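Asks: Protein chains in written order, with the numbering used here: chain A, 1 to 222; chain B, 223 to 444; chain C, 445 to 666; chain D, 667 to 888; chain E, 889 to 1110; chain F, 1111 to 1332.
Fair warning: there could be bad hints in the mix.
[Stated by the list, open to error] Below are the DSS-like pairs computed for lysine-lysine, each with C-alpha atoms no more than 30 Å apart in a straight line:
(1) C:Lys535 with C:Lys495
(2) C:Lys612 with B:Lys299
(3) B:Lys299 with A:Lys91
[Claimed, not checked] These stretches of chain B come out as covered by chain C in the derived footprint (C-beta under 8 Å, 3 or more residues):
(4) 308-315
(5) 321-331
It is worth saying that the hints were derived from the structure and are not from the lab. Model, not experiment: these values are computed from the prediction. Every residue gets a Cβ at the ideal spot worked out from N, C-alpha and C, and that includes glycine.
There are 6 protein chains.
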Amino acid sequence: RYGLAEDEHQVGVVTGLAYTSVGGDLLHIEALRLPGKGRMKTTGTLGDVMKESIDAASSYVRSVSPQIGVKPPRFEKWDIHVHVPDGATPKDGPSAGLAMVTAIVSVLTGIPVRKDIAMTGEVTLRGNASAIGGLKEKLLAALRGGIKTVLIPKENEKDLAELPDNVKDGLEIIPVEHVSEVLKLALIREPEAVDWDEAEEETAVEAMTRAEDSKDQGAVAH
Amino acid sequence: RYGLAEDEHQVGVVTGLAYTSVGGDLLHIEALRLPGKGRMKTTGTLGDVMKESIDAASSYVRSVSPQIGVKPPRFEKWDIHVHVPDGATPKDGPSAGLAMVTAIVSVLTGIPVRKDIAMTGEVTLRGNASAIGGLKEKLLAALRGGIKTVLIPKENEKDLAELPDNVKDGLEIIPVEHVSEVLKLALIREPEAVDWDEAEEETAVEAMTRAEDSKDQGAVAH
Amino acid sequence: RYGLAEDEHQVGVVTGLAYTSVGGDLLHIEALRLPGKGRMKTTGTLGDVMKESIDAASSYVRSVSPQIGVKPPRFEKWDIHVHVPDGATPKDGPSAGLAMVTAIVSVLTGIPVRKDIAMTGEVTLRGNASAIGGLKEKLLAALRGGIKTVLIPKENEKDLAELPDNVKDGLEIIPVEHVSEVLKLALIREPEAVDWDEAEEETAVEAMTRAEDSKDQGAVAH
Amino acid sequence: RYGLAEDEHQVGVVTGLAYTSVGGDLLHIEALRLPGKGRMKTTGTLGDVMKESIDAASSYVRSVSPQIGVKPPRFEKWDIHVHVPDGATPKDGPSAGLAMVTAIVSVLTGIPVRKDIAMTGEVTLRGNASAIGGLKEKLLAALRGGIKTVLIPKENEKDLAELPDNVKDGLEIIPVEHVSEVLKLALIREPEAVDWDEAEEETAVEAMTRAEDSKDQGAVAH
Amino acid sequence: RYGLAEDEHQVGVVTGLAYTSVGGDLLHIEALRLPGKGRMKTTGTLGDVMKESIDAASSYVRSVSPQIGVKPPRFEKWDIHVHVPDGATPKDGPSAGLAMVTAIVSVLTGIPVRKDIAMTGEVTLRGNASAIGGLKEKLLAALRGGIKTVLIPKENEKDLAELPDNVKDGLEIIPVEHVSEVLKLALIREPEAVDWDEAEEETAVEAMTRAEDSKDQGAVAH
Amino acid sequence: RYGLAEDEHQVGVVTGLAYTSVGGDLLHIEALRLPGKGRMKTTGTLGDVMKESIDAASSYVRSVSPQIGVKPPRFEKWDIHVHVPDGATPKDGPSAGLAMVTAIVSVLTGIPVRKDIAMTGEVTLRGNASAIGGLKEKLLAALRGGIKTVLIPKENEKDLAELPDNVKDGLEIIPVEHVSEVLKLALIREPEAVDWDEAEEETAVEAMTRAEDSKDQGAVAH
Ligand SMILES: [Ca+2]
Ligand SMILES: [Ca+2]
Ligand SMILES: [Ca+2]
Ligand SMILES: [Ca+2]
Ligand SMILES: [Ca+2]
Ligand SMILES: [Ca+2]
Ligand SMILES: [Ca+2]
Ligand SMILES: [Ca+2]
Ligand SMILES: [Ca+2]
Ligand SMILES: [Ca+2]
Ligand SMILES: [Ca+2]
Ligand SMILES: [Ca+2]
C-alpha cells in the first residue's frame, strides 16, 4: 500500500513526499484527534527536525484556530496523535510541514483530505510555504504512486524547468505561497470560521483585568 | 512455556510472532488493565519502535472506543500495562501492532483471546494492517509452537507462494486488511458498541460552547 | 550479614538468589510501604531489566489486590520503596520477580516472610513463574547461606537432575508454577481477600456512566 | 525568501543576523502568542546557548512587563512559541538576544516590527546590549538582503572602522546600549505602560501578609 | 575547615568519613529542612550510589517517623536539602548511609548532632548498619581531624585487629548494629515519639474504607 | 563592559571572580525576581557544579528568609532567574557561592549591591565561606577591572602572603567567615528581619496537628 495513493478521501490522512538516499517516496501522514488534555503525540521513528515541524504546524493551527472553526479553549480538551508509517523507517526533515498543517486541520474540523493530492513544503509559524530539496525525486514518486496533483512551495517553482516532460505532463503541479492555499486545494470543503477574534479576546481580558484591579484596590483600601 | 501456544483463552494475552537473527519465535504479549489515570506502562526490554507501535495501537483503540463498548472518559480512570516476556531479551519492531491492538481491546472489554491463534502485522492509526518481514520464519515458529491459525497482513499474501508445503498444510493462514477483521477472529466474542457517537460529542461540545459564549457576552456587557 | 539467611521473620524482607560471574549469592530484597501517592521507588544500583521486573511485579499485585485484602483505591495513598543492598553492587535481570511480588505483598498486607526460605523465578503479568539461569550456583549459595527451603520455577525442574547430592539433600527444593503458590509457602499466614470484585467495580462504573449519560442528555435538552 | 528582508511590518517577526563558517545571513525570527499556561516553546534546531538567550529575553520582558502594557498575571494565560526557520539548519549563540526581546514584546503587545530593520546583540537580564562577533559578515548579509537599518551593540562600535565603505554607505548603522532603544527604533509605535508598579505589588503583598499574620495569630491564640 | 571536626553541636550537620584513592577524609554532611512539598534535593557532585543512599536513608526515616516525633503527613510540608561540600569534588558510595539518616533525623527534630563524633556505615531500609571499606584510612582521617568517637558497623569489627595502636588509643570506636544506636549516641538528646501507630492508621483507613463501601452500596442500590 | 566594574549600585547584580586557564576575570552575576511559582532558572552555559552552587545558595537563603525580611510562604509566589553573561562562555565551579547568595538576597529584598565590590568564595548550606582556588589571578582581574574591595574566604587568608604588592595596595581585601558578613559589606543597607521564628512555625504546626488529631479521633469514634 505504501507508495500508492489513498483509495478514498479520509479525515486526517495526508500524502506527503519524502526524499531519501534511494530516491523519492510517498509519506502517508496520519493524524487522530482524541479526547484529551491538549497533548501532541508523535510516532513513526521521527527525527527531531520532523518533530519540531509538527510543533510549528500545531502552533500555526492554534494561532488561526477561529478561522477553521475551532475556539481556542477546545484545544485543551483534545489530544492529537500524528503517526508516519511505516514505524521502523527513520524519517526526518522539515519538508512535511504543509502536510502536517493539513492533517491537523483535517482532524480538528473533521473535513476529509482529497485522496489524489500530495504536497511538500516547509511551513513557518505564519503559515508561509518555504523551499524544500529533492523536488524532482519527490515528483517522480508522486507520479509512480498515482497522485494527480502536487502542491509545492512557490520558492521551488524555479526548479520545475529541469523536470522531465513525463512528470510535467502526468502531474498537475501547483506552486503555493501560504498554507491557506493548501487548505483550499486539499480539503474537500473549506472550514467555516467561528466568532472569536482578537477584539473579543481583548475585551474579555480587559474585563478580567478590571476585576483584578478592583481586587487590588480592595487590598490597598483595607 | 515460551515457544508454545497458551493453554486456555485468556483476557489480555495474545500470541505474536517475532523474527530474529536465529529464526522465528512466539511472542507472548500480556496486557493488564488497572485502576489508574490513563497511563500506558510497557516492560520487557522493548525498543523504541515497539514502544511506539504500542502508542499507535493505544491511540487507534481510543479512537474507536465506543465501537468496543468503552466510552472515552473511561480511559482516564484506567492504566494499561503491556509486558512482553521474557524480561531480559530485547525486542523491537512494529510488527506486533495487530497483536497489541488485540491485547488492549481484550483487557478493555474483558473478552478473552482465542488461545490457538497467532498474528503478525504492523498497524496504522486507522487500523489498517501493513506488511511485515520474516513471514516464513514466523510461520515456522507458529507451527512448531502448536498454533492452529495465523493472521497475516494481506500485503504479505504474495509471500505465501514461497512457503514449504508442511507450513501451508499445518496452519490456517488468514490474510487481513484491517484490525476489525482481527478482532472478529481472535476474540472469543465480538465487543458490543455503546452509544457515544460524534454527533453526541459535538452536541455536548456545542452546549459547552454556548455556555462559554454566554460568559463572554457577560464579560463584554459589563 | 549478606550471604546469610535472615534471623527472624520480617515484613517486606525476602531472600532472592543472584547468579554472577563469580557464582551464586543471596539477594536480600527489602520493601517498605510509606504514606504517599502511589509511587514506586527503587534503589540498590539496579539495572533496567530488574527495575522492569519490579514494575511487572507491582502491576501483577495491583491486579490481584482484592485477593490479598487491599482495595485498589488504597494504592494511591501509599508509596513503595524496594531496595536491594548492598548499594554499590550493580544488579540486574528478571529472575527476582517472584521475590519482588512476595516483598510487595508482604508490605501491603503486613504479613511477615518466612526467614529460612529463598526463591528465584521470573514472573509474568499473570503471576506465572518462568525459567531462570544459574540454578546450580544459586542453590549452592542458598545452602551456604543457611537457607532450608528454595522455591524455583517448575520450568527449571529439569535442571535438578544435574545437581550434586549435597544440595539435593541439604535443601527442600519446591518447584512452583504460579506466584500464588509462592505466597502460600513464603508468608507466615495467607492474606484474606476483601470484597471488591469486577462485578462490583462494573456496577459502580455503570452507575457512574448513567450519571454521565444524564448529564449528556441535559446538555442536549437545553 | 530567506536572505531577503520581509515584505511588510508584521507582529512577532524580527530580522536577526547570523554569522556562520560560510559568512553572514539574515535570521528570520518568528514568535507567536497562543492562549496557554505561561510556557515557552522553541523550534528551529536551536542550540542550548540560543535557547538560553530566549529564556533570558523572556525573563527580561517579564521583568519590565508593566512598562510594555502587560500586567504580570497575564503571562500565566499565554504560551509563546519562538521559531527560527529554516527548520533543518542548526543555529546557536547568544547574539540574537536583542531580536528575541523584540519579537517577544511584539507578540505580547500586538505592535508590528518595522520590516526594513535588522539587529544583532546579546542581551543581559537587565536589557543591556553586549558585544557580538562577525559584525562585518553580518552587515554584508544585511546589505545583500535589502535591509536599510541595522542595530548593533555600542560595544561593537569600535569594529565599524574596519568596514568597507559600501557597507557604511548602504546601511544606517545605529549602536545601542539598551534594549529600550531597540524597541523605540524597531516597533512601529511605542508600547504604553500600565499601572502595575512595585509599590502596588508590595501593597498587595503586605495586605496578603497581614491576612496571613491574622491567621497565624489565630493559630497561636487557640 | 574541611578535614577538621566541627566547632559546636549543630542541627543537621554530621561528620561522615570518606575513603578515596589518596586516603581517608572527613565528609561534612549538611542537611536543611525547608518549608516545601516533600521533595529531597541533593548537591555536592554526588554520584548515583550516594544519591540512592540518601533516598534509602530518607525512606527509612519516613518509615519510623512517629518514633522520632514526626507524624507522617508533616513530610508533605517540608523539603529537605542534603549538601556535601566541597561542591567541586565528586563523591560516591553508600557508606555515608548512617550519617545521612542522622542528618535527616536531626533537621526533622531540630536536635543538634554531637560535634566530636564521626560515623561510617551503609544502612538498609530497616536501619541495619552494614559493612564498609577503607576502615583503616577512615579512622586515620578521623584521628587527624580531632574526632573523639567513631561509630562503625558491627560487621566491620573484625577489621579493628589490624589497626595501628595510636588509632585504637586515640579514638573511641563503637561498633553498632542498627541506626537506632547511632541516634542515641550522636544526637545530644533522644527524640520523643508521637502517637501515630499502625493501629491508628489502620483505624483511620478502615473508617475511610467503610465510607467508600457506603458509597459503593449507594451506587449499587440506585 | 565585561571585565569592568558596574557603573552604579544595582539590585541583583553582583560581581564575582572567575579563574580560567587564561587567567582571572570578573563574573557579572545577574539575578531577577519574577512573579511565579517558586522556580529557579539559570542561564549562561553554566556547568553542573555552578548550578548546584546556586541551588545551595538558594536553600541557604530560604532557610534564613525571615532574617532578610521575607516570610517563607512568599517563595512560592516568585521565580528567580540567575544569568551569568556572556551566554556563550561555559562557566563552572562552586566559588561564586557567596556572590550567588548576595544576588538572591538583593533581588528578594530589593536592596542594591555596592558597585565597587567583588567577592569570591564557596558557601555551605549554613552560610559558611570556604576556600577557593586561583586567588591571585582573581585579585589581579579585580584590580584591572576597577574594583575597590574584594571579599575572600578567611580560609584563603594564608594565600595573601604571596600576592604582589600592587594588588595588596590597590585593593581592600576583606576575609570573611560567613555570608552574613558579606551581606553587611556588599548591600547598600542591611535587610530588616520579619517576625517568623521557629516558635511561631511550630505553634502553627501544633495547632494544625491538634486539628488533625481531632479528625483522627473522630474517625476512630465512629
Ligand atoms: Ca468576536
Ligand atoms: Ca478576529
Ligand atoms: Ca449517541
Ligand atoms: Ca457514533
Ligand atoms: Ca463485591
Ligand atoms: Ca471478584
Ligand atoms: Ca500602580
Ligand atoms: Ca512602578
Ligand atoms: Ca495512636
Ligand atoms: Ca505505634
Ligand atoms: Ca514570631
Ligand atoms: Ca525567630
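Asks: For every hint, state whether the structure bears it out.
Replies: Outcome of the hint check:
1. C:Lys535 with C:Lys495: The hint holds at about 10 Å.
2. C:Lys612 with B:Lys299: Between lysine 612 (chain C) and lysine 299 (chain B) the Cα gap is close to 49 Å, so the pair fails against 30 Å, i.e. violated.
3. B:Lys299 with A:Lys91: violated (34 Å)
4. 308-315: Coverage by chain C holds for the segment 308-315 of chain B (3 residues, Cβ < 8 Å).
5. 321-331: violated (count 0)
Figure legend: structure checked against the earlier numbered hints; hints not met, in rising order: 2, 3, 5.
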